[in-house]
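Visitor: Using the hints, position chain H against chain U.
Listed here are the chains, written in short residue letters.
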Amino acid sequence: MEQTPGMEELRIEVGDALTHNVRPLLNEIRHALEKLLATGESSAIDLRSIPLAPGEEEQIEQALGTGEISAMLDAMGPSEIRETGYPGVWLVTHFNVDRQLMGKFIEITRVPDLLKSPDEDIADGLQRLAGQFAEQQ
Amino acid sequence: MSKDKTLGDVLKSQRISRRGFMKFCAATASMMALPPSMIPVIAQALEKARRPSVIWLSFQECTGCTESLTRSHAPTVEGLIFDAISLDYHHTLQAASGHAAEAAREAAMAENFGNYIMVVDGSIPTANPGYSTIAGISNLDMLMETAKGAAAVIAIGTCASFGGIPHANPNPTGAVSVSDLVKDKPIINVPGCPPIPMVITGVLTHFLTFGTIPELDDLGRPKAFYGKSIHDRCYRRPFYDKGLFAETFDDEGAKKGWCLYKLGCKGPTTYNACATTKWNEGTSFPIESGHPCLGCSEPDFWDAGGFYKALSIPTEDIARTAVYAAGAGVAAGVALGAASRAKKALAEKRHEKVTIDDLEKED
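In the order they appear, the protein sequences are chains U and H. To convert, note that position 33 of the first sequence is 33 in my numbering; the numbers rise steadily by one, no gaps. To convert, note that position 180 of the second sequence is 180 in my numbering; the numbers rise steadily by one, no gaps.
Be careful, since some hints might not be right.
Which chain H residues face chain U? A few, computed with CB under 8 Å, are given here [claimed, not checked]: (1) 18; (2) 19; (3) 33; (4) 36; (5) 129; (6) 130; (7) 134; (8) 136; (9) 233; (10) 234; (11) 281; (12) 288.
Cut-off 35 Å, straight-line C-alpha distance, at most; resulting in silico cross-link-like pairs (DSBU-like, lysine-lysine) [stated by the list, open to error]: (13) U:116 with H:48; (14) H:5 with U:104; (15) U:116 with H:5; (16) H:278 with H:309; (17) U:35 with H:278; (18) H:148 with U:104; (19) H:183 with U:104; (20) H:255 with U:104; (21) H:278 with U:104; (22) H:148 with H:223; (23) U:35 with H:255; (24) U:104 with H:223; (25) U:116 with H:12; (26) H:228 with U:35; (27) H:12 with H:223; (28) U:35 with H:223; (29) H:242 with U:104; (30) U:116 with H:255; (31) H:148 with H:242; (32) H:228 with H:148; (33) H:256 with U:104; (34) H:5 with H:148; (35) U:104 with H:48; (36) H:262 with H:228.
FYI, nobody ran anything at the bench for these hints, they're computed from the structure. The beta-carbon is built from N, C-alpha and C at its ideal position, and this holds for glycine as well.
Next comes chain H alone, as it looks inside the complex:
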């Protein structure tokens, strides 16, 4: 398919009706976290959008980010990749391998120099270039060479954005993020382990639609998706405000869906769209499934002191929260007293509870 064709031309040649296109635009607006009033603007821009060349580089990563992207459902990623962008290199998804694959990358770079989008997932080892290579080229060399002609760089996942798990203490490979190395190009960080599929496609679509970089926060993340903390948008937030917390994974509070703050939830310090965009076709997100947020879209989340350790600093009015918490404690005490002590002892004998301390044990 010719790159000179606009997306409007492509859709027309596929006999997609105007209604179908407008529906696509509505889903796109929702995906980009833009208000529905922007749908006509998106339609106008997308009609004229030309398919940008995308070169996708995978370095020290687990392929989870690509797995996430290929589970993006709105619009279908096949539609996005084949209609809306020209994915010229992605060594996991492309058919070509070896020299042919590298030739495709070089050809795309030469043909679109200065205009292509470089997408990176995975961190880059700097301790020894031999730790991670593709076709004999070190990750560092491939990154720096490909970055030269890129119009913009999108760092997908926490590894590419902040170093991620390879960067975790003691960082044996000397792993660093894209922004640690590339200094002269606009970089959009799309962290998450993995990022929400809709957020990946949303950022790609923003660039495609408007040809610009979305507004970013101080960590280079698009504000549309990373502008609010998980805590602020969490449906369990009212429980936090009332001081109603789950203390273990199987207590009354856990069953009633109370706040997971005391179980180590990193929602208050984590900025991502999970609480509204959700996962698996909008089914749920970790907190909705009863597990605290790990804070996977934040720098150094792996070294943040333990997934099941409560954050030490409450985010809000400490006195108010403490009063609520004390109130909840009294209520819990009354409930416990009402239960027969013999019954409780029997239950404990039959069922050994896993405590937070067990989960935190080093060995």
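Isolated chain U, as found in the complex:
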């Protein structure tokens, strides 16, 4: 977002006493990863539901780092689905068609569901493909 000139000077400093929610969140992710490995059960965390001080969301993202896979989804606006530096921990960010943030989730799973082709869409595509053959005949 464009910042009004001069706003930088007004910026309120972030003291050292933040919410202390970064470490517990990372711990929650650790437990979720253990559960994923032991039982195969996936979990997700809505980043909007946690009180975070300015800069703490960036701290979390930095702590998680960047992994090997990054995918863009184009459905009702763009979404970024990115594996973090910890395999099995994904950062999913949704934007609407105006590129406004709609939601940010940390998913602890082998493959986020959004990456798999859904049956409904496969069936729809199959129908279209079959339709092409019908037209040609």
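Guide: What follows is chain H alone, placed relative to chain U:
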């Protein structure tokens, strides 16, 4: 668009993919403050949801609530209004005016009697019905007539929920809230001046998704959004716990982002989702911008003794807080002593500080 179609049908006819729909559901879960594990449940419910008719009445209000709603971004309010609900009457947003507008309201009422949602923003004057009318109909008459066939009532904003600013002392119009008048319908209060856009759409979406009223607190507010105080979820809370407070708007504490309790922050007595949902696409909320919470989602917030007067009763362990505060006071004293007194006097000459007392002056 036919009202018999489900939301699933509507999305399908618009060629929205399953992934797009699931993304919409993820944003919806987040908006309704539900855990991500609820996303599949929401998807199932929304697919089968039928578009409810919504009649939106605006009484003694400033249109701030509608302005807030139309800045809701997730999912886009256009999407919500045109795909998910049938907004049959809203005199600020609809194209029709005059008799045609009132005819639309009457038609929607007759067609959906017993099933529509009545949304109200603004308070209702009772001292003299002539203080606020729409198409010659007094607010009171329109409210009571429209309420008869409503399945549920959603009071949007502090005016509709608790009387709000029109109700403030000396309340010249005899303004009252919706729940003061409508006694026989379920009412959801969504206070705030204005309410957070996401909370407005979240409550509408909850009704649309589950067809039920969300769990409410003792003031009729959905617990999902109003269940925790601003103070409890404030990122500056650790400063309160340590007794680190800003004493003026431009002192060291203010610059370091310390707790605004002493500047009159009503966070401890205010229940709302600002601290987590935030405003302007999740950018910030008043405290994050350096201003105390005004307590706008609470009854009588306008008469609560002054925006810049500290709450008289600490919410927590008073002895502990006092000890911390005293400690902070000593530290501040040391810092002051270190500064040259001459420098300080010069600074004071150049820069006249606005004190809390100035802000509280009556005239």
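Visitor: Each hint should be assessed against the structure and marked as holding or not.
Guide: Evaluation of the provided hints:
no., hint, verdict
1, 18, "holds (4 Å)"
2, 19, "holds (5 Å)"
3, 33, "holds (7 Å)"
4, 36, "holds (4 Å)"
5, 129, "violated (42 Å)"
6, 130, "violated (43 Å)"
7, 134, "violated (33 Å)"
8, 136, "violated (40 Å)"
9, 233, "holds (4 Å)"
10, 234, "holds (7 Å)"
11, 281, "holds (5 Å)"
12, 288, "holds (6 Å)"
13, U:116 with H:48, "holds (23 Å)"
14, H:5 with U:104, "holds (31 Å)"
15, U:116 with H:5, "holds (28 Å)"
16, H:278 with H:309, "holds (24 Å)"
17, U:35 with H:278, "holds (32 Å)"
18, H:148 with U:104, "violated (41 Å)"
19, H:183 with U:104, "violated (40 Å)"
20, H:255 with U:104, "holds (29 Å)"
21, H:278 with U:104, "holds (14 Å)"
22, H:148 with H:223, "holds (26 Å)"
23, U:35 with H:255, "violated (43 Å)"
24, U:104 with H:223, "holds (22 Å)"
25, U:116 with H:12, "holds (19 Å)"
26, H:228 with U:35, "holds (30 Å)"
27, H:12 with H:223, "holds (33 Å)"
28, U:35 with H:223, "holds (30 Å)"
29, H:242 with U:104, "holds (31 Å)"
30, U:116 with H:255, "violated (48 Å)"
31, H:148 with H:242, "violated (53 Å)"
32, H:228 with H:148, "holds (33 Å)"
33, H:256 with U:104, "holds (28 Å)"
34, H:5 with H:148, "holds (26 Å)"
35, U:104 with H:48, "holds (26 Å)"
36, H:262 with H:228, "holds (21 Å)"
Consistency with the previously given hints fails for numbers 5, 6, 7, 8, 18, 19, 23, 30, 31, ordered from lowest to highest.
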